[in-house]
Amino acid sequence: MQSTTRNFKNNASEALVNDNLQEALGKLKVGFVERRAAAAEKLPEFDALRDQARDIKNHTLQNIDLYLERFEEKVTAQGGHVHWARNSHEACQTILEICQSVNAKMVTKGKSMVSEEIGLNAALEKTGLEVVETDLGEYIIQLRKEAPSHIIAPAVHVLKDEVEADFRDAHTDLDPDRQLEEPTQLVHEAREVLRQKYLDSDVGITGANFLVAETGTSIIVTNEGNGDLTQTLPKVHIVIASMEKIIPTLEDTSAVLRVLARSATGQEFTSYTTFSSGPRREEDPDGPDQYHVVILDNGRSAMLGTEFQDMLRCIRCGACMNHCPVYGAVGGHAYGWVYPGPMGSVLTPSFIGVEEAGHLPNASTFCGRCEEVCPMRIPLPKMMRHYRQKEFEGNMNAAPVRWAIKAYGFMATRPKLWHMITGVKAKFAYTLSGGKGRFHKLPLWMGEWTKHRDFPASQGSSFHSQWKKKGGATTLNELKKGAE
Amino acid sequence: MEKNMEARNQIFASIRRSKERGGVKSDPKAVEKRLAEHPSGLIPKRSQLEKAEQVNLFQKMAENVQASVVRLKSDREIPAAVSDYLAQKNLPARVKLSGDERLSNLPWSENASHISLLEGASGGDDLVSLAVSFAGIAETGTLVLHSGPKGPTTLNFLPETHMVVLRESDIVGAYEEAWARIRKQQADKGEEFLPRTVNMITGPSRTGDIEQTILLGAHGPHALHILMVADDA
Numbered sequence: 001m002q003s004t005t006r007n008f009k010n011n012a013s014e015a016l017v018n019d020n021l022q023e024a025l026g027k028l029k030v031g032f033v034e035r036r037a038a039a040a041e042k043l044p045e046f047d048a049l050r051d052q053a054r055d056i057k058n059h060t061l062q063n064i065d066l067y068l069e070r071f072e073e074k075v076t077a078q079g080g081h082v083h084w085a086r087n088s089h090e091a092c093q094t095i096l097e098i099c100q101s102v103n104a105k106m107v108t109k110g111k112s113m114v115s116e117e118i119g120l121n122a123a124l125e126k127t128g129l130e131v132v133e134t135d136l137g138e139y140i141i142q143l144r145k146e147a148p149s150h151i152i153a154p155a156v157h158v159l160k161d162e163v164e165a166d167f168r169d170a171h172t173d174l175d176p177d178r179q180l181e182e183p184t185q186l187v188h189e190a191r192e193v194l195r196q197k198y199l200d201s202d203v204g205i206t207g208a209n210f211l212v213a214e215t216g217t218s219i220i221v222t223n224e225g226n227g228d229l230t231q232t233l234p235k236v237h238i239v240i241a242s243m244e245k246i247i248p249t250l251e252d253t254s255a256v257l258r259v260l261a262r263s264a265t266g267q268e269f270t271s272y273t274t275f276s277s278g279p280r281r282e283e284d285p286d287g288p289d290q291y292h293v294v295i296l297d298n299g300r301s302a303m304l305g306t307e308f309q310d311m312l313r314c315i316r317c318g319a320c321m322n323h324c325p326v327y328g329a330v331g332g333h334a335y336g337w338v339y340p341g342p343m344g345s346v347l348t349p350s351f352i353g354v355e356e357a358g359h360l361p362n363a364s365t366f367c368g369r370c371e372e373v374c375p376m377r378i379p380l381p382k383m384m385r386h387y388r389q390k391e392f393e394g395n396m397n398a399a400p401v402r403w404a405i406k407a408y409g410f411m412a413t414r415p416k417l418w419h420m421i422t423g424v425k426a427k428f429a430y431t432l433s434g435g436k437g438r439f440h441k442l443p444l445w446m447g448e449w450t451k452h453r454d455f456p457a458s459q460g461s462s463f464h465s466q467w468k469k470k471g472g473a474t475t476l477n478e479l480k481k482g483a484e
Numbered sequence: 001m002e003k004n005m006e007a008r009n010q011i012f013a014s015i016r017r018s019k020e021r022g023g024v025k026s027d028p029k030a031v032e033k034r035l036a037e038h039p040s041g042l043i044p045k046r047s048q049l050e051k052a053e054q055v056n057l058f059q060k061m062a063e064n065v066q067a068s069v070v071r072l073k074s075d076r077e078i079p080a081a082v083s084d085y086l087a088q089k090n091l092p093a094r095v096k097l098s099g100d101e102r103l104s105n106l107p108w109s110e111n112a113s114h115i116s117l118l119e120g121a122s123g124g125d126d127l128v129s130l131a132v133s134f135a136g137i138a139e140t141g142t143l144v145l146h147s148g149p150k151g152p153t154t155l156n157f158l159p160e161t162h163m164v165v166l167r168e169s170d171i172v173g174a175y176e177e178a179w180a181r182i183r184k185q186q187a188d189k190g191e192e193f194l195p196r197t198v199n200m201i202t203g204p205s206r207t208g209d210i211e212q213t214i215l216l217g218a219h220g221p222h223a224l225h226i227l228m229v230a231d232d233a
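Taken in order, these protein sequences are the chains called P and R. Quick note on this note's numbering: the first sequence kicks off at 1 and runs consecutively. Quick note on this note's numbering: the second sequence kicks off at 1 and runs consecutively.
Keep in mind that the hints were calculated from the coordinates and are not lab data. Don't be surprised by glycine CBs; every beta carbon is placed ideally from N, CA and C. It cannot be assumed that every hint is accurate.
The list that follows gives simulated cross-link-like pairs (lysine to aspartate or glutamate, EDC-like), each with its CA atoms no further than 16 Å apart [said to hold, decoys possible]:
(1) R:45 to P:45
(2) P:27 to R:191
(3) P:235 to P:286
Among chain P residues calculated to face chain R with C-beta under 8 Å, some are [said to hold, decoys possible]:
(4) 47
(5) 48
(6) 52
(7) 54
(8) 119
(9) 128
(10) 132
(11) 136
(12) 159
(13) 160
(14) 162
(15) 184
(16) 223
(17) 232
(18) 280
(19) 306
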């Protein structure tokens, strides 16, 4: 997928004044966040399960080559095929060749973020194949020719009335006077239209939430059942999965599944969790004749053994973006590539380079909510900080930014100077705000900040001077004394 | 194929190079042990109950996700229960059975002779299906069905109404217990691998893709009706 990540600042500014988007994002904040909290509350072991999930994935990453080898061996032994792809181009090419080998005309797809990452639809369509997304959200954005704006709710930015308009435009063979205002009517229409596509398609492509090494099994987790129809009805089932989806055993999978749905949608368990091993067996009444798994690297193997290895624990639940104040304000498209929100702010520079995606790790207030809710306990803020450092070291920031960071560094390492300047600044800012404690409008370039929100003014004196006044310790010795 | 080998070798070389650079060491013994013993981790206490309570928990959890549950004393009551449900929901008297003898051999003609019965996979024309669940998981009210000669996967997804028979004795507490049963069944049959498809089903199909409103029957069944049978008689 082509990135517009360089334009993050412009994208974000436009997002903030897009009323439809802001209305849609308002709903996101309540829905996902409240449901996750309720689900976590209902399971006393939830935090212990998160620790366990982290440990399982750490062990897996430590031995990822061994587990991948076992997976390949098991799939092959069951009559399936494993293909390896170093990059997007190889992955698309492999899938295309499989489609061509069965003279496919139409391909149905379950939801897969990796297929977005490799730009699969465009690659297949270029050769004349008809590609149909079957997840309702993905179908909506396919009609709109948009990218997903959320990793588990791809059309979260689209309002109901917009879906109605899109369906009326696309389904021209249906009665133009039909009722289509209610969400149930929209869901019903999509069901009817897509039902025939499943039955007619030659190849079904799904992603995978997990690849089980022990049994050579790929797993999809869906609520709609679209992934299951996609992979059961056509003659060929192709799984596209990135290498870090590997997990040792069915028991390990069960353990991680306990934190996945709760973190994602706040469900105790997703409606359909489906385990596929190889093609249909001789005596099976249905199922695909061919089963292929395409395993993608695309920059992941290079993250192993680095400060970004922890990111490979990610199970794509979306909790970090649901809880992110920046994502909540600008939505997913502003991030400009496949993966938005905090996980995207780490993955995007890892995959397409910090030169291209340097804005993203900077688009964080470091409030830490993403790390707090991450089921795999990925230290997202820490990794964004690593990227900020890389950006600075690589001389990639603009001159004023470098100058400001240097000036800050100079002051911050000289406590006396720091106290003097912050003390004066605090008083000055307080006076300027007219004692109101906030600025509604700031002059010059600082006006960018107050365009969309107030800037808090200081309360008249710096933290240090207030601390001192209250008798707080200011040196380590004083602190030790106080503790005695 | 050659191209694939080249990609494969390079990917593994890259993994090993990265691991070495970062001081990440494989532990082949731990890997072999984990794969051979597949240990269970932490099992939530919620489902670790006496059998009767586990059955109640299954029902409660399944109903929480909009499945409907009816309790029957024995298999013999299934035809009448199916007939009642079809009448109640105003559904046509036509049911596609999975092919499991437990269903085919029921006294349909005594209690539900008006229902036409079909058998096998679905091509998309069936409104109602009836299958047998391999297990039920009380922890989240989850059914476990798997593919095989008597288990067409299409019956779980294509019909609008999915009816499933579940024996109370097949209800377990946690996912891991269901896997233990599948492993045992496959071993008893002399099968080296899992069935092609194992479906864990928790409530009917749903979507939240339109303004986060949860709606049932997105692509799979609108309704999941579970016939919970007390004994094996």
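Results for each hint:
1. R:45 to P:45: At roughly 8 Å apart (the allowed maximum being 16 Å), residue 45 of chain P and residue 45 of chain R satisfy the hint.
2. P:27 to R:191: Judged against 16 Å, a Cα distance of about 49 Å means the pair is violated.
3. P:235 to P:286: 10 Å, holds
4. 47: 11 Å, violated
5. 48: 6 Å, holds
6. 52: 5 Å, holds
7. 54: 12 Å, violated
8. 119: Since chain R brings no Cβ nearer than about 18 Å to residue 119 of chain P, farther than 8 Å, the hint is violated.
9. 128: With a closest approach of 23 Å, the residue 128 of chain P hint is violated.
10. 132: Violated, because the Cβ-Cβ distance from residue 132 of chain P to chain R comes to roughly 12 Å (cut-off 8 Å).
11. 136: Holds, because the Cβ-Cβ distance from residue 136 of chain P to chain R comes to roughly 4 Å (cut-off 8 Å).
12. 159: Constraint on residue 159 of chain P satisfied, holds at 7 Å.
13. 160: Residue 160 of chain P check passes; min Cβ-Cβ to chain R is 5 Å, inside 8 Å.
14. 162: 10 Å, violated
15. 184: This interface hint holds because 6 Å falls under the 8 Å limit.
16. 223: 5 Å, holds
17. 232: 5 Å, holds
18. 280: 5 Å, holds
19. 306: 6 Å, holds
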